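> If you read the protein sequences in the order shown, they are chains A and B.
Here our numbering runs 1 ahead of the position in the first sequence, where the first position is 1.
Here our numbering runs 1 ahead of the position in the second sequence, where the first position is 1.
Hints may be right or wrong, so weigh each one.
Result set (SDA-like, lysine to any residue): computed pairs, CA atoms no more than 25 Å apart in a straight line [claimed, not checked]:
no., chain 1, residue 1, chain 2, residue 2
1, B, K156, A, E388
2, B, K108, A, D404
3, A, K171, B, K171
Which bits of chain B does chain A cover? Going by a derived footprint, with three or more residues having C-beta under 8 Å, they are [claimed, not checked]:
no., stretch
4, 19–31
5, 272–280
DEER-style ranges, computed between Cβ atoms [said to hold, decoys possible]:
no., chain 1, residue 1, chain 2, residue 2, range
6, A, K66, B, R176, 32 to 40 Å
7, A, R70, B, S426, 31 to 39 Å
8, A, D48, B, D337, 55 to 63 Å
None of these hints come from the bench; they were simulated from the model.
These numbers come from a predicted model, not from an experiment.
We put the CB at the ideal spot given by N, CA and C, even for glycine.
Number of protein chains: 2
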Amino acid sequence: MADYHEMWAGLGLDLKTHDMLLEIVGKGYTDVFLSQKNRPKGMEYFDFVMSEVHGLRIKELLDAKAEGRKVVGTFCVFVPEELVLAVDAVCVGLCAGAEFGFDEAEKYLPRNTCSLIKSAFGFKLGKVCPYIESSDLIVGENTCDGKKKAYESYKDIVGNLYVMDLPQMKSTEGRALLKAEYKKFALKMEEISGRKITVESLLKGIEIANNKRKAIHRLSALRSVDPTPISGLDALLANQIYFYDDPIRFTASVNALCDEVEARIKEGIGVASKGTARILLSGCPMAVPNWKVPFIIENSNAVIVGEEMCTGERGTQNLVEAKGKTVDELIDNIVDRYFKIDCAVFTPNPNRLEHVKEMVKKYNADGVLHYGLQFCQPYQMESKVIERELEKDGIPVLLIETDYSQEDAGQIKTRVDAFVERIKS
Amino acid sequence: MADYHEMWAGLGLDLKTHDMLLEIVGKGYTDVFLSQKNRPKGMEYFDFVMSEVHGLRIKELLDAKAEGRKVVGTFCVFVPEELVLAVDAVCVGLCAGAEFGFDEAEKYLPRNTCSLIKSAFGFKLGKVCPYIESSDLIVGENTCDGKKKAYESYKDIVGNLYVMDLPQMKSTEGRALLKAEYKKFALKMEEISGRKITVESLLKGIEIANNKRKAIHRLSALRSVDPTPISGLDALLANQIYFYDDPIRFTASVNALCDEVEARIKEGIGVASKGTARILLSGCPMAVPNWKVPFIIENSNAVIVGEEMCTGERGTQNLVEAKGKTVDELIDNIVDRYFKIDCAVFTPNPNRLEHVKEMVKKYNADGVLHYGLQFCQPYQMESKVIERELEKDGIPVLLIETDYSQEDAGQIKTRVDAFVERIKS
């Protein structure tokens with residue numbers, strides 16, 4: 002990586018702390034990803050992206066800003082990237098996956114707040130996130146209580162927060178609320194960019210986002226094969242980079258990876274031997290560099306074959322219909338797609354259980370590991386139902402509740418080992 | 002109390018466990034309430050109600066049912082009692098305030114769920130709540146994540162649950178959603194009762210509910226005096242019984258109590274000496290028999306002078322305008338009142354902070370004790386803001402986070418003692 006210290010200083014980062022953070026994440030990346038055997042060569046692109054995640058990618062964002070384009074930072078798959086792209090702005094994910102600055106964060110947040118939220122505060126307060134600092138607008142959304150209420154303080158800390166309301170039920174009124182919010186958001190995008198959303202620009206945004214999803218769907222489908230041709234860690238990485246990278250380049254890179262993976266399948270090459278325990282991950286999102294549980298699983302004689310997560314198929318499933326004569330019609334199509342997202346903040350949310358079952362079948366999973374962030378009530382609540390319903394169908398389920406610390410890694414490893422033994426017996 | 006075992010058996014209660022529960026609650030009541038000195042004589046009515054809370058009051062409900070009236074059980078101050086009364090049904094609160102059946106509850110709920118929710122499950126699963134068993138309809142509502150998601154399982158357990166959606170923001174769309182939900186609820190009331198809501202019946206319902214609120218407002222206002230003429234425990238009890246008792250009888254009893262309290266004020270009679278530390282309670286609701294923290298406060302050289310809680314002024318403030326030519330107009334008035342409730346599930350929720358400040362002034366409080374149930378994210382989140390903003394104005398704030406167990410009573414007592422010392426120094 003080139004020397005970006007001047008760029009980081011310009012963004013107001015705390016250089017010393019930021020250097021430390023990069024070193025830790027870099028070391029973690031080496032241990033978790035580069036230690037893997039028999040990886041597809043196409044993963045080199047993603048290794049490069051990760052090595053430049055605070056470097057070249059930030060430079061690209063700043064170059065885009067210099068050209069007058071806007072950067073929109075988001076925390077949730079409910080923020081429609083299509084509307085961001087329609088004003089030629091850049092959409093980047095801001096969720097953080099490391100225990101950093103939690104002491105500072107707890108001045109604003111109760112101790113009993115999930116790590117994902119604490120991390121968003123910690124990275125801002127500790128001045129170590131160049132994405133937050135590059136964003137012209139940061140978009141929050143009323144999903145869970147934790148985020149919804151935390152944004153009230155976050156607003157004061159970041160200064161450029163826009164909060165999007167969300168419904169709690171998939172009712173007629175709920176859909177109307179979502180549409181009203183998306184229309185407001187479209188106006189906001191026009192306002193910050195000084196550009197008008199047209200049928201043409203929105204169709205282009207829809208196409209870019211759909212293509213990104215299609216590429217990820219293609220990669221996911223290839224994981225149904227035994228032996229699985231790509232590790233869950235690598236597939237998760239692609240799903241994580243989905244939120245940061247230039248979407249067109251990302252799509253091309255995922256498709257190139259898929260070409261290679263298809264060839265591997267023909268040759269019978271896998272990352273683990275045929276018959277290795279196949280696990281479906283389900284639950285809370287895993288933001289970079291939150292690789293703890295997947296790393297444990299794939300170092301316990303098992304492979305991950307799918308992610309029923311926001312950083313996975315919950316976030317990418319379904320396309321927006323790219324057909325419409327007016328911007329309003331296209332926004333309706335966008336609402337149709339996003340309203341299907343089966344996030345646990347909705348009540349009731351039967352589609353998620355169905356989706357987990359479908360994924361188990363589609364990817365030939367032997368069992369499901371439900372990943373719950375501590376204090377994440379919506380997913381913790383649903384985990385009980387998923388466990389009950391899947392076990393009833395004879396599908397083993399392991400509920401893991403954890404945070405961003407490494408303290409429980411040994412305990413989780415023991416439980417995963419026992420689970421793998423159970424599902425292969 | 003007469004022998005109600007036959008009635009309880011008829012409701013399907015677990016008689017042995019229920020007897021044990023009544024014994025414990027009865028003993029707690031004696032220790033907490035009857036041990037108080039210098040109580041107004043008018044509290045005898047409330048003592049009687051409490052002694053018959055599972056007896057005579059349940060018999061009244063069953064008698065009403067025998068006459069064809071319906072019983073509607075609720076968990077939240079957002080359920081408009083006016084619409085229940087307008088079909089001549091009876092509205093009763095179902096929130097429980099005791100650690101009971103938590104092991105059973107945790108089969109459905111994550112460990113990290115607040116005691117209020119666990120209790121609702123524990124009382125149903127343990128078959129010890131005659132109110133739940135007498136209810137023709139149980140109404141849940143999408144307030145916090147915990148309740149919203151818990152109702153998905155509760156529905157299966159109780160069989161007669163109706164869930165009301167709620168907005169998360171006080172926007173135009175939010176108000177429209179609340180109105181749509183109240184109209185649906187009005188239809189549901191008509192459906193279960195076989196009665197039509199008319200302008201006349203709804204005006205009557207509004208009047209009954211308003212009168213109940215006015216009586217409580219009157220009692221609250223009398224607590225601004227030093228020495229305070231009634232204990233916080235007794236005032237809380239009235240606020241708790243507000244949810245159970247026949248509303249007209251309750252109103253008359255509170256007004257009779259107020260007459261007496263006014264006389265006491267004239268004579269300078271107080272429950273504690275002039276100059277005793279005056280504390281405003283703020284935060285999560287306290288359902289019967291959750292008296293732990295108020296009991297500690299009032300046994301630590303302090304008196305409670307107000308409750309900024311659902312079982313208090315958050316629940317009772319504001320009246321419904323009793324004027325309108327159509328049912329729809331009256332429902333609009335109802336929406337106007339309820340939409341003002343400053344529950345922490347709303348974002349942003351600046352009115353609550355203002356209300357706490359107003360109450361501090363109005364009741365001449367020396368400090369605020371914020372009562373947060375463990376894992377209640379909305380109130381825990383707001384407690385940080387309340388603490389910061391009030392301390393900035395020189396108003397001492399103590400944040401207590403607890404559950405329904407008695408284990409931390411000693412620790413809380415130590416903290417309250419120190420707090421009282423601080424505010425009187």
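> Give a verdict on every hint.
Evaluation of the provided hints:
{"no.": "1", "hint": "B:K156 <-> A:E388", "in the structure": "holds (18 Å)"}
{"no.": "2", "hint": "B:K108 <-> A:D404", "in the structure": "holds (22 Å)"}
{"no.": "3", "hint": "A:K171 <-> B:K171", "in the structure": "holds (19 Å)"}
{"no.": "4", "hint": "19–31", "in the structure": "violated (count 0)"}
{"no.": "5", "hint": "272–280", "in the structure": "violated (count 0)"}
{"no.": "6", "hint": "A:K66 <-> B:R176: 32 to 40 Å", "in the structure": "holds (38 Å)"}
{"no.": "7", "hint": "A:R70 <-> B:S426: 31 to 39 Å", "in the structure": "violated (58 Å)"}
{"no.": "8", "hint": "A:D48 <-> B:D337: 55 to 63 Å", "in the structure": "holds (59 Å)"}
Hint violations for this structure: numbers 4, 5, 7, all remaining hints satisfied.
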